[in-house]
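**Student:** Here the numbering used here is used: the sequence shown runs in plain steps of one and ends on residue 310.
Since the hints were derived computationally from the structure, they do not count as laboratory data.
Computed from a predicted model, the values in this text were never measured in an experiment.
Possibly wrong hints are sitting among the right ones.
Claimed, not checked - BS3-like cross-link-like pairs, simulated, lysine-lysine; straight-line CA separation at most 30 Å:
1) Lys69 <-> Lys222
2) Lys217 <-> Lys252
3) Lys122 <-> Lys222
4) Lys9 <-> Lys222
To be verified - Pairwise CB distance ranges, derived in the manner of DEER restraints:
5) Ile219 <-> Leu54: 17 to 27 Å
6) Lys126 <-> Ser212: 46 to 56 Å
7) Phe118 <-> Gly284: 16 to 26 Å
8) Leu213 <-> Leu54: 40 to 50 Å
9) Gly214 <-> Ser10: 45 to 55 Å
10) Ser212 <-> Ile166: 39 to 49 Å
11) Gly278 <-> Ile166: 35 to 45 Å
12) Lys126 <-> Glu223: 34 to 44 Å
13) Val253 <-> Phe67: 20 to 30 Å
14) Ser225 <-> Lys126: 33 to 43 Å
15) Gly278 <-> Asn127: 23 to 33 Å
16) Lys69 <-> Asn279: 29 to 39 Å
17) Ala230 <-> Gly132: 26 to 36 Å
By construction, the Cβ of each residue, glycine as well, lies at the ideal position given by its N, Cα and C atoms.
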Amino acid sequence: MLNKIDKKSIQIIFAYFLIYVVWGSTYYFIGYALNDFPPFLLGAVRFSIAGVLLLAWRYYKGVNVFEKSLVKKSAVSGLVLLFIDMAVIMLAQSYVTSSLVAIIASSTTIWILLLDFPMWKKNFKNPFTIGGIVLGFLGVLLLYLEQYLNENIADIHNIGIYILIFGCISWALGTLYTKYFSMRETSTDAFAGAAWQMIFASIMFWIFSTSLGEMKTIEAKEISISSWAAVVYLIIFGSIFAYTAYIWLLKVRPAAEVATHAYVNPVIAIILGVSLGNELVTGIQIGGLVLILASVTLVQLNKLRLVRK
């Protein structure tokens with residue numbers, strides 16, 4: 002029994018590493034890939050390849066990947082959770098930095114707490130969760146203030162900010178839909194569900210990309226090797242590993258806890274921006290990072306105490 006608990010704990014820790022660190026790095030690689038790829042075409046290529054590969058793997062493992070209920074409900078999650086949010090992120094990164102997009106995206110945790118009505122009593126009764134959310138929100142405000150002072154966010158079209166907020170709400174709703182669907186259908190394979198979500202999202206990306214004539218704007222031979230490498234990274238690590246880890250965690254952990262990835266992702270995005278993009282880091286940013294990391298520790302504290310018992 003002890004070995005079973007230890008193995009499950011290791012799986013959870015590794016899954017959190019994927020959605021905290023690896024997923025946080027995808028903001029940088031999305032921005033890099035957008036140097037050569039139009040946004041909707043990037044999403045189409047990324048999610049169609051990742052979805053097909055993941056679905057083929059689950060089929061090979063003997064999973065009934067064509068179960069009607071799984072396919073139907075994955076279609077809803079794929080459109081609400083994946084397509085809308087990722088479309089918003091990639092469109093936004095065509096105009097603003099990956100750090101700013103990641104910072105605004107960190108508000109997802111707040112939206113999940115506010116929209117998760119069945120868990121209101123438990124979430125707002127837990128001092129660890131409340132304290133962590135407050136600290137994380139303060140950290141995000143510090144980082145947002147830094148971006149505002151340096152990048153003159155007031156000059157960015159208001160519509161862009163509204164779209165980003167809409168994307169956060171969409172992600173929160175999709176997360177909660179997936180969470181409660183998973184709770185009802187405990188036998189459903191999380192990885193097959195994630196694969197179908199990516200496939201349905203990719204269909205929408207292909208439709209929009211074709212409608213906008215994006216493929217006419219580029220030539221494959223003109224795409225740099227580094228941009229292709231960024232796409233491969235997004236397919237393997239961002240989609241197959243990190244996204245499936247996220248869907249799996251929603252089956253085994255509270256949605257509000259899983260959503261704490263939104264606080265760590267800006268940290269990773271900024272670190273990559275500084276180390277690889279030669280961006281400057283200030284005292285305000287460092288203070289924000291400290292608060293964000295402290296918030297995640299506080300939210301996870303209750304879980305760690307339970308594991309030690």
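**Student:** Starting from the hint list further up, note which numbers the structure goes against and sort them upward.
**Tutor:** 1, 2, 3, 4, 7, 8, 10, 11, 12, 14, 15, 16, 17
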